[in-house]
Amino acid sequence: MTEEEKGEQFAMKQPLYIPTLATAVAILLAACAAPAQPVQQAAPAQQKPKIKVGLVTDVGSLDDRSFNASAWEGVQRAVRDFGVEAKAIESKQPTDYIKNIQTFVNEGYDLIITVGFLMGDDTRKAAEMYPNQKFAIVDVGYFDENAPKNVMGLLFAEDQSGFLAGVVAGMMTKSNVVGGVYGLAIPPVCRFRKGYEAGVRFVNSNARILGVYQGPSDGTPFNNPQWGAARARDQMNEGADVIFSAGGTTGNGGLEEIAKTQGVLGIGVDQDQYFTLSDNVKKILLTSAMKRVDQSTYLAVKSVVEGDFKGGNRVFDITNDGIGLAPFHDLDSQVSNDVRNKVQEVIEGLKNGSIKTGLEGVADPCAN
Amino acid sequence: MTRPDVVLEMRGITKRFPGVLANDHINLDLRKGEVHALLGENGAGKSTLMNILYGLYQPDAGEIWLDGRRVTIHSPRDAIALGIGMVHQHFMLVPTLTVTENIILGLETRRGLLLDEATPQQRIRQISRDFGLEIDPEAYVKDLPVGVQQRVEIVKALYRNARVLVLDEPTAVLTPLEVESLFSTLRALVKRGVSVIFISHKLKEVKAIADRITVLRQGRVVGSTTPAEAGEAQLASMMVGRPVILKVDKSPAQPGPVVLSVRDVKAMSDRRAMALQGVSFDVRAGEIVGIAGVEGNGQTELVEVITGLRQPLAGQVLLCGQPLPAWSPRAAIDRGMSHIPEDRYKYGIVAAYSLAINLVLSVFHRPPFSRNGLLQRRAILSNAERLVEEFDIRAPHAEVPIGKLSGGNQQKAVVAREFSRPMKLLVAAQPTRGVDVGSIEFIHKRIVQARDAGAAVLLVSAELDEIMALSDRILVMFGGRIVGERDGRTARREDIGLLMMGKV
Amino acid sequence: MSSVTAQGQSRSAAPFSWQRVWSGVWPAVASVVLALVIAGAVITITGADPVAAYRALVEGALLREGTATRPTAFLETLVSATPYLVLALGISLGFAAGLFNIGAEGQLYMGALASVVVGFALSGLPWIVHLPLALVAGVLAGALWAGIAGWLKAARGAPEVVVTIMLNYIAYAVVNYMVNGPIRHTGTAPRTPDIQASAVLPTLLPAPERIHWGFVLAIACAVGYYFLLYRSALGLRIRLVGANREAARYAGINVNSTYLITMVISGGLCGMAGAIEVLALYRYLPTEFTTGYGFESIAVALLGQGHPVGVALAALLFGALANGAGYMQFSSGVSNYIIAVMQAFIIVFVAAPGIVRDLFRWARPKRAEVEVE
Amino acid sequence: MDLVDVLLRIDYVFLLAAALRAATPIAFAALGGIFSERAGVINIGLEGMMLISAYVCYRVAVLAASPAVGLVAGMAAAMVLAGLHGLFSIRYQTNQVVSGTVVNIFAAGITGFLFRALGAQESAPYLPNISHPLLKSIPVIGTLLFDQPLLMWVMLIVVVVATVVLFRTPWGLRTRAVGELPRAADTAGIPVNRMRYLNVLISGALAGLGGAFFTLHTVSTFTPLMTSGQGFIGLAAMIFGNWTPIPAFLATLLFTLPQALAGQLQMFGVPLPYQLLSTLPYLLTIITLAGVVRRSTPPAALGTPYVK
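Keeping their order, the protein sequence lines are chains A, B, C and D. Per the numbering used here, the first sequence starts with residue 1, numbered consecutively. Per the numbering used here, the second sequence starts with residue 369, numbered consecutively. Per the numbering used here, the third sequence starts with residue 873, numbered consecutively. Per the numbering used here, the fourth sequence starts with residue 1246, numbered consecutively.
Since the hints were derived computationally from the structure, they do not count as laboratory data. We put the beta carbon where it would ideally sit given N, CA and C, even for glycine. Hints are all accurate, no fakes.
Just some of the chain D residues that point at chain A, by a computed CB distance under 10 Å:
(1) Val1464
(2) Thr1468
(3) Leu1522
Taking beta-carbon pairs under 8 Å as the criterion, some of the chain C residues facing chain D (in silico):
(4) Val914
(5) Thr918
(6) Ile1042
(7) Leu1174
(8) Tyr1209
(9) Ile1210
(10) Val1220
Here are the computed lysine-lysine pairs in the DSSO-like style, where the Cα-Cα straight-line distance is at most 27 Å:
(11) D:Lys1553 to B:Lys714
(12) A:Lys342 to A:Lys282
(13) A:Lys310 to A:Lys149
(14) B:Lys714 to B:Lys634
(15) A:Lys282 to A:Lys260
(16) B:Lys559 to B:Lys572
(17) A:Lys260 to D:Lys1381
(18) B:Lys559 to B:Lys575
(19) A:Lys149 to A:Lys52
(20) A:Lys351 to A:Lys302
(21) D:Lys1381 to A:Lys174
(22) B:Lys792 to B:Lys714
(23) A:Lys87 to A:Lys310
(24) B:Lys772 to D:Lys1553
(25) B:Lys510 to B:Lys714
(26) A:Lys351 to A:Lys310
(27) D:Lys1381 to A:Lys283
(28) B:Lys510 to D:Lys1553
Isolated chain A (complex conformation) (with noise of 0.2 Å):
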């Protein structure tokens, strides 16, 4: 539009639409004139009262194919292993995680897990603030001596499910030449990638690795798969037969450009992508770097029923299968045994300590 019509419907239209707002903001006003019930069908006074799960997750949501949705899956498998009661709330915005939790605080609700360490934070305060509420947190550790003591830090060594994913990487590449295609650059990311790297080149300590990291203005963060399609196809142009894809579905759109190219294999994340992502993918996918985030939240709730909760930070890693190599399901029988046995020997290695990844204890994993 010409900049005179712009300025011009500006300035003749306006006093018009003001009463018809208000009289919008008002009919919501209205709309609950009707008495406000208490919202008693959340919980049904039955028999006994319900364990009652609520779940917050960062931006992202629910179904991000990513930790969101692998964390509401470990809920809902308590859900029908327990019968105990769940609710998920999805924020908009960072702002809205306090208020998110609080909406369960007020609910009664016996857990509240939330998601990612964008929540850190706040969680912690609402912890602090709710000292009798029983809390858990997804990725998120505290270490100083005034950690809540009601808050479960449900933490992973994505480093070592990164380091046996890069020794299958190593192992199984013919061009000697790994790649990766990751989301932003945020810690269990950076995890997932160095322990990766570290692992190929335990194996295989010639071969060239690539990588990118989604940059901040890439589109969309993890959600921009043309983008992680264009960069698994600058990482095949240079030669990589494996490529470890971890960026939601930044990343998910990097599996997808291999899958449409001959004798190159894929490694997802988080979960057995296997049974996540598209048929095309899993002729191609080698294995997936898993984080149990189900598993981590199913054990949290596990623990509010049989009532032996307890607050502090707990590591899932290779020793409680916390984190672990998904099957290579298609790809089976193309995995030889020398490789089976290596990522065997790199389990026991890491099981005892013989084996590090280098991130063990690294504060700031992104950090060069």
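Fit chains B, C and D to the known structure of chain A by using the hints.
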């Protein structure tokens, strides 16, 4: 019932717009091969009537008969199909398209799926030759002078096989010579059986070309006559409803010191062509200097340079001996320049805003209209009330959006605004364009008053009559240069007309 | 608005009549009802109960009977409405001059960044100095960021739409880089250090209420916007440039500098929104800062039709919808995507009342009056 | 690795091929914008039209087990949104920016909502690549053209066709007239609003093609907001290209080439902060815009409803 030689008959046409009865039971008939003039002031309902004929508006009542058949015209498409062509006052040409493209628009010939421009171009050339309408089919319309654009419009109508051709104020933008050539074109058309409706408010021209004249006033037919029967004065009083003084009353000029001095100014046009090739002249206090010339010969750019709206490439503009900082309209205003811009709607007013605001458009940031950065509503309104009174602006109230006023009242508001500042120099570009006779008289009177009060006045107008009536000195512009100067009292139309064509 | 006759007597625009009020109001009633019905239909198709969903939405946004610590959710709606209001004012100001500032999001980011840096890096200042300083830093950063687009428009004729879109992406990257690198604090999560207590924009009510002085600032911005745009000479200048750029130029207004000034003020408001968010709510800058306020606020600005009262109401509406969405999801399981569907329809119906009229006309049996085209 | 070393070893043909691919949806959006805006209707709803097409393409391609059916359905869905945009802005004379914004908000909401309600686990069949074993091995050309998605080819063809249509056919002539001076078109017997509706629908169809690229070429599934702002980049390219197909297409490359380059530089480990590297396309666009002195001139009647 219809006489055989009547091509077109409009009966009882009535059209009402919110608040206005634009056409009130108008009857009009057009005979084959005649030029029928429709005479009336701005706002008399001429254009509405013709827009109804052309299908742009639907009448509230009334009938249109063509060749003895009753027709309904829903859209221009229908009108074109019936052989009605129209040359609008504001040309309906798309500036970014070529002449050919404009002419064939809506009636394209194809070669396969693609546009065929070769065939129509041949026909366009043919029509040009037949009627002496010289045009270049491949030129872009935006590069053409208005006179040529008008020819394009006529060719466009002929290309569509128009048997009835309506020309809405066709001479407004033409030089006397161009008017002559238009008239000879019209005579040629008439000879070939085309019937012409010629809309105008200029008595001389109507008398010169029309076979019959119908006069409209305030939406009604006042009467029909022929040039032979009615004199100019009689037509004028039919048109305005009262006797009209056709001469501007003014005493001889008493020039004072030089106020505006333009020294060898060169400037480019928006289209990056050299529009001013070195223009120099002075305007003294107490005189009106008129710039005559066909539009597009640099007058627009000259006015823009003087008023600080355009950066000159070279040269200087001095106001009372002091050079004006280039490209600062505000500086010019602050130093006593007033400017009536050529296109009122585009440059002169902000249509959506109130009359009161439009009356302080260039001074609202100063006391008393604004103090400490805050607008003083009361001062703005009382200023408006004063000017409304003084300049006889007809408006329901001061906060009416100025776009809702008639053209004449809008222009009076512009004049009022510009005259309300202390004025050393008045630059008036087309000050009476699209304005009714009453307003024209009023504005002319105010300009002369300003001169008599000691202001220097630079008048730029495409209306030669206006230049002749008002100017103490006349400069003629052609091709970006001043090509001649004449004394206002002794200048002759024909002489100036030749200068305007560049024939020195 | 009152108008003044040529004789100078003030009189109100028209005598009061209920019919007039009703004719102004019924399209709004119909609009909102229609939007609710349409979104309700969508909800129903997917098997949920729209009535329960709406009740939850309203309760979550406004009236929820709370626990002792939480008297009403309405205060949270005001918290949500605050950034919408400030951003939409900034965007509206641009519209008034005929500028389309799609870059509010980027200016918000830069404002937040600058005020957080001032907030944590300076210490030992009394709050009366520190807090204003941090706010001003945010305003300036937003102003500067938008000023780039304004300057390019004024000096080079670069379309502000394109430049501000591009500047958004650059702002994301700059903030992300800074938070991950130069000004990262030494914890696990990539974020800046906390701002000093002296830079915190305090809350209005005791915790856990979050309603903060930023809301008051936002209202002040709306009032200031009104005076700037409708009462000041600068505002008239901005509006004239928007209404008829050429006429403004002919009247001696410097159009290019008006563009620059408008963009700077517009960006300053957007920067202020960022500053308020971080100084009042976050109190540090996280790596993943707000998502999409700057874009949704374009809709708020459009809905508000440029008038501060309209913008405030629109911001309130959006704030209420955003705030109620969480509770709606909690209580009825309807995903908050439906909010966007409702927003879309409300905007359409408010912006084009003719649609509502036609819909009702069609709904009526007699079709004789339907205009023939 | 050193920047210079990296710049020397980058495979530029591959880079250009990647940029061409990435340009596909953006160019479709730009082309769609050109048709709509040349006819005088602002279309900032392209993003939403792409998004809804991406969703519908996915869902229908899965249901029908045919990418072609999906493509048609996706285009149809985008055209429905376009039709609504036309209805609001032409019939009801709503501010066209408001109407476009509504389209964007609505598309984001409805696709997200349906995705949540219905899921998107199945994988949609892809549209084919245009790949020829022999032609593919031609140096440069082979890489650039003969192993590329079908829709990229369609896009290139549409760029050419759109140029011809706009500047060499009656349709284009009428469209431009309607967008420049609708009254002139009206007096020439052209139904102004019908032309506008149809061009807005074309705009929707093209945006629909752009949306299909996401789900029928890039990934075989849908995620909310997956168009990631590319419709807006397309608008920027349209303005940059002065509402003309070929320059607009080149403008998309101006954007995707640096993005591809930034990806490569990061991959090769150039020691620059990757966050800042990723701003390369945006920076370059701004710098180019600032350097280009020519002001872009939108169609004169853009944004103005035509009222007789």
